[in-house]
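**Student:** Take the given structure of chain U and dock chain X to it, following the hints.
Protein sequences appear in the order of chains U and X. When we follow the numbering used here, the leftmost residue of the first sequence carries the number 834, and every step to the right adds one. When we follow the numbering used here, the leftmost residue of the second sequence carries the number 834, and every step to the right adds one.
Derived from the structure by calculation, the hints contain no laboratory data. A few of these clues could be false.
Copies of the same chain are indistinguishable here, so a pair counts whether it falls within one copy or spans any two.
[Stated by the list, open to error] Lysine to aspartate or glutamate pairs mimicking DMTMM-like chemistry, simulated, CA-CA at most 25 Å apart: (1) K1024 with E836; (2) K1057 with D1160; (3) K985 with E879; (4) K985 with E881; (5) K952 with E846; (6) K855 with D955; (7) K855 with E945; (8) K855 with D1032; (9) K952 with E836; (10) K855 with E944; (11) K1045 with D840; (12) K837 with E941; (13) K1100 with D1160; (14) K1085 with E944; (15) K1130 with E941; (16) K855 with E941; (17) K1050 with E987; (18) K837 with E944.
2 protein chains.
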Amino acid sequence: MSEKRTDISQLGEFGLIDTLTKSFTTHVSSTLKGVGDDAAVISVSETEAMLVSTDMLVEGIHFNLMYTPLMHLGYKSVMVNLSDIYAMNGKPTQITVSIAVSSRFPLEALEELYAGIKKACDLYQVDLVGGDTTSSLSGLVISITAIGVAQKNEIVYRGGAKEFDLLVVSGDLGGAYMGLQLLEREREVFKANPNIQPDLDGHDYLLERQLKPEARKDVISFLKELEVQPTSMIDISDGLASEIFHLCDASKVGCTIYDDRVPIDAKTSMAAIEFNIDPITAALNGGEDYELLFTVKQSDYEKVVSNPHFTVIGHITDKDSGVNLVDKHGSVVALQAQGWNHFE
Amino acid sequence: MSEKRTDISQLGEFGLIDTLTKSFTTHVSSTLKGVGDDAAVISVSETEAMLVSTDMLVEGIHFNLMYTPLMHLGYKSVMVNLSDIYAMNGKPTQITVSIAVSSRFPLEALEELYAGIKKACDLYQVDLVGGDTTSSLSGLVISITAIGVAQKNEIVYRGGAKEFDLLVVSGDLGGAYMGLQLLEREREVFKANPNIQPDLDGHDYLLERQLKPEARKDVISFLKELEVQPTSMIDISDGLASEIFHLCDASKVGCTIYDDRVPIDAKTSMAAIEFNIDPITAALNGGEDYELLFTVKQSDYEKVVSNPHFTVIGHITDKDSGVNLVDKHGSVVALQAQGWNHFE
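Chain U on its own, in the form it takes in the complex:
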């Protein structure tokens, strides 16, 4: 047998999706956008479109049940999906939830998970409209599809950034990653000595960023109130650097961001230093912040900086200039997208 075997870990998640889907063609005229943005866009009338996004969370890859309360996991699973709808400047309306679960899970554990899902649905005003429940020979798998609506002329794609646009992020970055480091450290301590109580006091902010993130529904409202239509947008699930690359690739542009402009909470910085991690590394390469990264025209600068949730971190350049980071000393370095490769 000389069957060819290519290791999928070489491709990374995005290379893999590209390879697997590149031969697919479009058959239906209502498909306005397929694979390649935060959500698919389906035309439903002259002025309106439906948005569809889906994410799969796998035990042992995306979450560790040793320190993840099931209620938070249910809540977070919904947030991850709603975040993709907001990243299109849309409004999520419905979700479906499928789970594969081993029979070692008692009903009460699943009720906890669904209590978190329900809390998310109630708070974000979305309806659970379907799903599937099946058994699994091993861990828990959660697959959620979010549906949303948007006016066609308000949808924001990844590919709309233009030279001289400003690059903006909501909230602060790196917190979810430092929360994960804290939880992993306590897990190691616990493994070594189960009698030692976990030492997580004073870290509520970071733990919440990791275990119970919020999708930035408010950002969409702020943008509407400010009458700012972003030229491009993406949600920050895999780390700022990786998302900047996606946005620049799709828009066929480069960008320059400034190290000291990247918003990092003091609690994140302090934890990073404690772990011997440069805070900017946590912000650039740590994932799961679920903030929004978007670009606006320069003329929207005053409006954007008037909102304390928004930080201008750089600007869009031409493609040939590449994707660059300017550090505190003014040195320019090409940005590296580490991101996450679940197959490594």
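**Tutor:** Quick look at chain X alone, frame taken from chain U:
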């Protein structure tokens, strides 16, 4: 600790879904139908609705890679979902595909899987518009969401059957189940002696029913051509008996079906007899036929019987009469819904 632990296998799949989702309320006016039918129904205009259905297939539970070619698995995964859209009398338009896969899978294996998905998309004219790809610590998990469209006044729900309506099935039943028995038998033989070649000659029909089923797109066209609007409909994924119970429960009716009217192909009967299984048992309790079960008004009888793909197998009664099977000798027995409980 006196934590309550209820075994989920006691509830069965449908009991579990009911328990987990019963407290959810509706927030969005576009949600016309949530959990509880083949697909959710979302209003998109005065006359049109979008249909959404999702299914998860898990290695070791829904398929065995020892005898399931990956191309067929990809194709079947799409069929399972399109079938749910047809069961609402809708037209599927888009799908999303998420997979969790162990890194032991080479790229070439995933390309086979996606070749099957593409074949299904091309043949059924649906677009792949999104998905997620992640690693898995164990087996392959495939989660597909299908989106479809329908005119609101043409959507057929499970709950519309009325007393005296006729119960109709498309195609023939039990074939997929007998195909599975053949494959399982050969797997046992192979395990006992890997040098023996599998003996599957002459069983193409049954193997295809199991490995590469077709969703009944044609049935929806036939119904339109005949100008028959079913009063209720459901797809037969878990076995005829189980689906009859779902339909009667949702419609708050009973029914009587006739043993000798249930359409069973001669190849299915012969294989069943070879396996010491009563063919009617394979048809009633074997799953995965992906035929459609629907009810029509008595006045549509002539139209329905004019189509060789349709078989009238009984009629709807009042709820108190229960769900009954009349055997060849005229004896009436209460039907048992065995169906599938993946948690057992």
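**Student:** 25 Å Cα cut-off: does K855 pair with E941 within a copy, between copies, both or neither?
**Tutor:** between (43 Å within a copy, 15 Å between copies)
**Student:** Can you give me the call for K1050 and E987, within, between, both or neither, at a CA distance of at most 25 Å?
**Tutor:** For K1050 and E987, only the intra-copy Cα distance (15 Å) is at most 25 Å; the inter-copy one is 35 Å.
**Student:** At most 25 Å between CA atoms: does that hold for K952 and E846 within a copy, between copies, both, or neither?
**Tutor:** For K952 and E846, the Cα distance is within 25 Å only across copies (23 Å; inside one copy 31 Å).
**Student:** For the identical chains here, do K837 and E944 meet the 25 Å Cα criterion within one copy, between copies, both, or neither?
**Tutor:** For K837 and E944, the Cα distance is within 25 Å only across copies (12 Å; inside one copy 45 Å).
**Student:** Pop the pair K837 and E941 into one bin, within, between, both or neither, using alpha-carbon distances up to 25 Å.
**Tutor:** between (46 Å within a copy, 7 Å between copies)
**Student:** What label fits K1100 with D1160 when the C-alpha limit is 25 Å: within, between, both, or neither?
**Tutor:** within (21 Å within a copy, 74 Å between copies)
**Student:** State whether the alpha carbon distance between K1057 and D1160 is at most 25 Å within one copy, between copies, both, or neither.
**Tutor:** Answer is neither: 33 Å inside a copy and 66 Å across each miss the 25 Å cutoff.
**Student:** Given identical chains, is K855 near E945, meaning Cα to Cα at most 25 Å, within a copy, between copies, both, or neither?
**Tutor:** Close across copies (14 Å), not inside one copy (40 Å); limit 25 Å.
**Student:** Could you place K1130 and E941 in one of the four classes (within, between, both, neither) given a Cα distance threshold of 25 Å?
**Tutor:** neither (50 Å within a copy, 44 Å between copies)
**Student:** If the cut is 25 Å between Cα atoms, do K1085 and E944 qualify within a copy, between copies, both or neither?
**Tutor:** neither (46 Å within a copy, 28 Å between copies)
**Student:** Please sort K1024 with E836 into within, between, both or neither, judging by C-alpha distance up to 25 Å.
**Tutor:** between (43 Å within a copy, 24 Å between copies)
**Student:** How would you classify K855 and D1032 at a CA-CA limit of 25 Å: within, between, both, or neither?
**Tutor:** For K855 and D1032, neither the intra-copy (48 Å) nor the inter-copy (38 Å) Cα distance is at most 25 Å.
Consistency with the previously given hints fails for numbers 2, 8, 11, 14 and 15, ordered from lowest to highest.
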